[in-house]
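There are 4 protein chains.
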Amino acid sequence: MLKRFSITVDDALLSQFDKLLTNEGYDNRSEAIRDLIRNALVHQEWESDETFTIGTVVLVYDHHKHDLMKKLTDIQHESVNLIVASLHTHLDEHFCQEIIVMRGTVAEMKRVADRLISTSGVKHGQLLPSTTGKRI
Amino acid sequence: MLKRFSITVDDALLSQFDKLLTNEGYDNRSEAIRDLIRNALVHQEWESDETFTIGTVVLVYDHHKHDLMKKLTDIQHESVNLIVASLHTHLDEHFCQEIIVMRGTVAEMKRVADRLISTSGVKHGQLLPSTTGKRI
Amino acid sequence: MLKRFSITVDDALLSQFDKLLTNEGYDNRSEAIRDLIRNALVHQEWESDETFTIGTVVLVYDHHKHDLMKKLTDIQHESVNLIVASLHTHLDEHFCQEIIVMRGTVAEMKRVADRLISTSGVKHGQLLPSTTGKRI
Amino acid sequence: MLKRFSITVDDALLSQFDKLLTNEGYDNRSEAIRDLIRNALVHQEWESDETFTIGTVVLVYDHHKHDLMKKLTDIQHESVNLIVASLHTHLDEHFCQEIIVMRGTVAEMKRVADRLISTSGVKHGQLLPSTTGKRI
Numbered sequence: 054m055l056k057r058f059s060i061t062v063d064d065a066l067l068s069q070f071d072k073l074l075t076n077e078g079y080d081n082r083s084e085a086i087r088d089l090i091r092n093a094l095v096h097q098e099w100e101s102d103e104t105f106t107i108g109t110v111v112l113v114y115d116h117h118k119h120d121l122m123k124k125l126t127d128i129q130h131e132s133v134n135l136i137v138a139s140l141h142t143h144l145d146e147h148f149c150q151e152i153i154v155m156r157g158t159v160a161e162m163k164r165v166a167d168r169l170i171s172t173s174g175v176k177h178g179q180l181l182p183s184t185t186g187k188r189i
Numbered sequence: 054m055l056k057r058f059s060i061t062v063d064d065a066l067l068s069q070f071d072k073l074l075t076n077e078g079y080d081n082r083s084e085a086i087r088d089l090i091r092n093a094l095v096h097q098e099w100e101s102d103e104t105f106t107i108g109t110v111v112l113v114y115d116h117h118k119h120d121l122m123k124k125l126t127d128i129q130h131e132s133v134n135l136i137v138a139s140l141h142t143h144l145d146e147h148f149c150q151e152i153i154v155m156r157g158t159v160a161e162m163k164r165v166a167d168r169l170i171s172t173s174g175v176k177h178g179q180l181l182p183s184t185t186g187k188r189i
Numbered sequence: 054m055l056k057r058f059s060i061t062v063d064d065a066l067l068s069q070f071d072k073l074l075t076n077e078g079y080d081n082r083s084e085a086i087r088d089l090i091r092n093a094l095v096h097q098e099w100e101s102d103e104t105f106t107i108g109t110v111v112l113v114y115d116h117h118k119h120d121l122m123k124k125l126t127d128i129q130h131e132s133v134n135l136i137v138a139s140l141h142t143h144l145d146e147h148f149c150q151e152i153i154v155m156r157g158t159v160a161e162m163k164r165v166a167d168r169l170i171s172t173s174g175v176k177h178g179q180l181l182p183s184t185t186g187k188r189i
Numbered sequence: 054m055l056k057r058f059s060i061t062v063d064d065a066l067l068s069q070f071d072k073l074l075t076n077e078g079y080d081n082r083s084e085a086i087r088d089l090i091r092n093a094l095v096h097q098e099w100e101s102d103e104t105f106t107i108g109t110v111v112l113v114y115d116h117h118k119h120d121l122m123k124k125l126t127d128i129q130h131e132s133v134n135l136i137v138a139s140l141h142t143h144l145d146e147h148f149c150q151e152i153i154v155m156r157g158t159v160a161e162m163k164r165v166a167d168r169l170i171s172t173s174g175v176k177h178g179q180l181l182p183s184t185t186g187k188r189i
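Chains as they are written, first to last, in my numbering: chain H, 54 to 189; chain S, 54 to 189; chain E, 54 to 189; chain G, 54 to 189.
Okay, chain H solo, but in the shape it has when bound (with noise of 0.2 angstroms):
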């Protein structure tokens, strides 16, 4: 259910608020907001190492590297209950970028997130928080 109410905000900072609306494509303003603080909300579930929610892995690999694809397979199956699907895509000859969506608690995904991203021969790794929208 939709809740309506006003808030009063100086001409100034409207002003400056809508162009920053106009360039980042939003059409109204209570999208805009309702988007700042959703941003708020999701910043702290993460806080919190209990909160479940969903996160996502970005890793950037060489997979030539001898051994490697197997060591990453290894460590997601080791926290099955965690992954939820993944995505690869070759960036060139040498390079792979998978994308790994867990769900589990911040502390859990955040410990397959650490293994995932030490592992040697992984160039690049990332752990994304996101949400599983039910509380925003």
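The reader is advised that the hints may include incorrect statements.
Put simply, identical chains are the same to the list, so a pair is met inside one copy or across any two.
[What the hints assert, rightly or not] Only pairs whose alpha carbons sit at most 20 angstroms apart, straight line, appear in this in silico SDA-like list of lysine to any residue:
no., residue 1, residue 2
1, K118, Q129
2, K118, E98
3, K72, I60
4, K187, G174
Please keep in mind that the hints were generated in silico from the structure rather than gathered at the bench.
Predicted model only: the values in this text are computed from it and were never measured.
Based on the hints, put chains S, E and G in the right spot on chain H.
Here is chains S, E and G on its own, set in the frame of chain H:
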């Protein structure tokens, strides 16, 4: 080709670093230091609008929302040269997560990411800076 | 001049937001939303090298280290037009923290901050993006 | 006491890193790598609410605003054990920046920072994680 060189670090700092490595699953200092270096380089790459590289957009949205999937697909088709692949996962009866891998300049990827994230009905969206692996 | 306008937010999202507000000490939604808007604008200001604004460098270093204070002072004097003020605090027998307030373009402030932070003996350094308050 | 050890880095990565170092004003690789290590440790320290360390709050506000300075001072006095020092700079006829150095646990500093930043009339506020220098 690998190059070997030596660095000096205060022993108190080194022992803290070794603990961090173990926590995060690294086998050796070289690998961990290489990852710190690569992170600094990817961060720098993304400071310039002209860098040609890889980025990933993660969107969470309610797939029941009228026309939303069509709008998101339309935006992707208009930027078809940027989009490499996408992965769709179902989070529950309502929400899905869509991950879109892009390859292009930082400026182009930011523009498309802004349009996707600002679409009404998208609950949460983020652009994740990545790398082609080539320069690092 | 204050402007009033109304926005619509789903009630589940709104109740989460109200909890967050209370935790962070906000009295009302307007103030919290204005702060979210201002953060987005400051973030955007700092994406352009030419923006004339305010930044703060925080350095932690060992003041016993030979010549370090002199070097840091020299760098500040070479950029005297940028430096507004600085605050020195003693953390313990060895370490001090120095906070340097700068006013200038983003590019100039980043250059001076890089020089200060990279000086040998500086244990930790960061550049904090701030704002003149004018545009927001 | 300094310890020396050697690491191996691919030459392409190393040459990128050497360019970055030069841009940022570093004299040598050791110093740059030590800074990357320290940043990782400070980041980790701040992930635990119990860490006793240093933090800095930066506030921008309009000093004409009725009672604002009094409110901010009151909050600081209630947390007098946390507050080490503060620095006030005048940005123009209206705005000032106040920088407040705190020493305490991460949880305590976050709580006080939230209260200061959420005070009505504060245009922009941030908490900057720092370090006592001891562990790093």
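These are the hints, each one checked on the structure:
1. For a Cα distance limit of 20 angstroms, the shortest separation of K118 from Q129 inside one copy, 18 angstroms, qualifies, whereas the shortest one across copies, 33 angstroms, does not.
2. For the identical chains of this complex, K118 and E98 are neighbours neither inside a copy (37 angstroms) nor across copies (25 angstroms), given an alpha-carbon limit of 20 angstroms.
3. When the C-alpha separation of K72 and I60 is checked against a cutoff of 20 angstroms, the pair qualifies both within a copy, at 18 angstroms, and between copies, at 18 angstroms.
4. Only between protomers do K187 and G174 lie at most 20 angstroms apart by alpha-carbon distance; the minimum there is 13 angstroms, versus 36 angstroms within a single protomer.
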